[in-house]
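Protein chains in written order, with the working numbering: chain A, 1 to 252; chain B, 1 to 243.
Don't read these hints as lab results, they were simulated from the structure. Check before you lean on any hint, since a few could be wrong.
Subject to a maximum C-alpha distance of 25 Å in a straight line, what follows is the list of computed DSS-like cross-link-like pairs (lysine-lysine) [unchecked claim]:
| hint | chain 1 | residue 1 | chain 2 | residue 2 |
| --- | --- | --- | --- | --- |
| 1 | B | K223 | B | K109 |
| 2 | B | K78 | B | K196 |
| 3 | A | K20 | A | K172 |
| 4 | B | K147 | A | K112 |
| 5 | A | K112 | B | K109 |
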Amino acid sequence: MSSIGSGYDLSASQFSPDGKVFQVEYAQKAVENSGTIVALRGSDGVVLAVEKFIQSKLHETEVQSMTRLFHIEEGIGASVAGLLTDCLMLVEYARDEAADYRESNGVRVPLKVLANRVADYVHAHTLYSAVRPFGVNIILAAVEADVGPQIYMVEPSGVVYGYSGVAAGKAKQTAHTEIEKLALSRTPCEELVKEAARIIHVCHDETKDKAFELEMSWVREGMGYERVARDTLMKADSYGKKALDDTDSDSD
Amino acid sequence: RVHGDCYSNMATMTSKMFLPAISAEANEFSKPDWLTEELSTGTTIAAIEFDGGVVIGADSRTTSGSYIANRVTDKLTKVTDYIYCCRSGSAADTQAVADIVNYHLNFYKMEHGDEPSVRTAASTFRNLCYNNRDSLSAGILVAGWDKRNGGQVYTVPLGGMWTRMPVAIGGSGSSYLYGYVDANYKPGMKKDECLKFIANAISLAINRDGSSGGVVRLACITKDGVERFVLTGDQIPKFYEDS
Chain A
1 MSSIGSGYDL SASQFSPDGK VFQVEYAQKA VENSGTIVAL RGSDGVVLAV EKFIQSKLHE
61 TEVQSMTRLF HIEEGIGASV AGLLTDCLML VEYARDEAAD YRESNGVRVP LKVLANRVAD
121 YVHAHTLYSA VRPFGVNIIL AAVEADVGPQ IYMVEPSGVV YGYSGVAAGK AKQTAHTEIE
181 KLALSRTPCE ELVKEAARII HVCHDETKDK AFELEMSWVR EGMGYERVAR DTLMKADSYG
241 KKALDDTDSD SD
Chain B
1 RVHGDCYSNM ATMTSKMFLP AISAEANEFS KPDWLTEELS TGTTIAAIEF DGGVVIGADS
61 RTTSGSYIAN RVTDKLTKVT DYIYCCRSGS AADTQAVADI VNYHLNFYKM EHGDEPSVRT
121 AASTFRNLCY NNRDSLSAGI LVAGWDKRNG GQVYTVPLGG MWTRMPVAIG GSGSSYLYGY
181 VDANYKPGMK KDECLKFIAN AISLAINRDG SSGGVVRLAC ITKDGVERFV LTGDQIPKFY
241 EDS
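With the hints as extra help, turn the sequences into a complete structure.
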């Protein structure tokens with residue numbers, strides 16, 4: 001449902017007559033052009049998966065550059081969709097806030113608190129004409145002692161919600177449909193890694209999109225944040241490809 | 001009655017003879033110490049962990065040199081409903097720091113929707129005491145109860161270090177307690193044993209330290225909140241030579 005801004009979209013300090021802040025809506029569009037990211041909350045942790053577009057055939061995949069998965073704090077990970085350089089700023093902010101909190105309070109920041117602080121920061125950039133909003137959806141994940149695995153996602157408007165499973169980017173609708181089919185709370189991360197890979201493959205449009213690289217990381221109880229190991233990643237990737245081929249061949 | 005009048009006259013005469021005259025040239029050196037010394041909680045403070053909570057105790061003397069400015073001071077100060085601190089050193093400094101920590105922890109509770117942990121409280125004390133170490137004279141024991149780790153005692157002495165200890169003592173009177181604590185502390189004591197232990201400790205220090213005295217104040221903090229006690233006069237534990 002898009003409308004033309006015509007004059008009320010020049011800065012974030014303006015409302016339109018129908019109550020929209022167009023700059024924020026445009027920021028959300030920037031996220032919609034980005035590769036899909038998925039986060040799944042399982043019984044013992046959270047899996048983060050990213051459809052990372054490969055810009056050029058000359059791109060060297062061995063050297064990890066322009067990754068969209070980040071380690072924020074001990075046991076806290078993040079994945080991002082949208083303008084990558086905006087994402088890097090937010091990740092830096094999240095890292096600083098988390099470190100600051102630990103220094104003042106002597107304990108790790110609770111994920112809810114960190115997510116709210118990032119959300120406030122993103123929101124602050126929707127108030128003034130001197131800055132533009134972040135074109136970023138950032139997903140934060142952690143396993144907490146009393147409450148278990150957690151996922152929060154912050155949107156360009158500055159709203160933040162907790163989720164059991166969420167997606168952002170180009171094919172988020174398709175991804176959400178797939179996520180809803182899963183019995184997340186009963187599934188361990190070992191399984192979810194494969195499902196996440198499958199969902200990314202389902203979301204990827206061979207005809208319209210560039211080639212992509214599957215990136216995954218997870219936060220697990222007692223293990224903290226890690227990028228998924230190469231062999232586990234390869235297995236999950238081939239499971240994903242195979243599941244896609246199976247569904248393709250099913251349709252007559 | 002005649003004798004009484006005589007004594008009071010003599011007292012007035014002597015005080016006029018020996019008191020330093022307050023003149024235009026009076027300076028720090030000619031004024032008595034109670035006019036120039038900073039208010040100090042000379043003090044004895046102590047805290048101990050037990051399974052289910054903590055017991056804390058303190059004396060009640062605040063001095064300004066040799067003058068006892070307050071003989072019924074409360075050195076056990078609340079920072080949250082479940083966390084208290086025992087203050088020793090400068091009365092002003094410790095009150096100011098405790099107030100700031102109270103402010104921080106209140107804010108923490110609003111933001112998190114939950115009680116702060118004892119560790120968080122101790123960390124907040126430590127940050128203030130360390131970052132302002134050159135201006136402060138504050139030796140603090142932070143003790144309380146939280147649902148994750150039960151009863152905990154943290155000591156934050158002069159330089160601003162912090163560490164958790166099962167039993168901690170502080171203040172000028174604590175010098176006389178190291179032997180008592182080393183000889184009598186055993187892990188696994190129950191609440192009532194802890195109350196006796198702390199009361200004994202404060203009493204022993206009061207008997208030996210001129211900067212400690214007055215009543216023995218105690219508090220017990222558990223999941224059910226805080227229970228406070230005051231031991232006055234005969235209630236204070238007696239030892240050899242307390243006739």
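Comparing the hints with the structure gives:
no. : hint            : in the structure
1   : B/K223 / B/K109 : holds, 17 Å
2   : B/K78 / B/K196  : holds, 22 Å
3   : A/K20 / A/K172  : holds, 23 Å
4   : B/K147 / A/K112 : holds, 19 Å
5   : A/K112 / B/K109 : holds, 13 Å
Hint compliance for this structure: no hint is broken.
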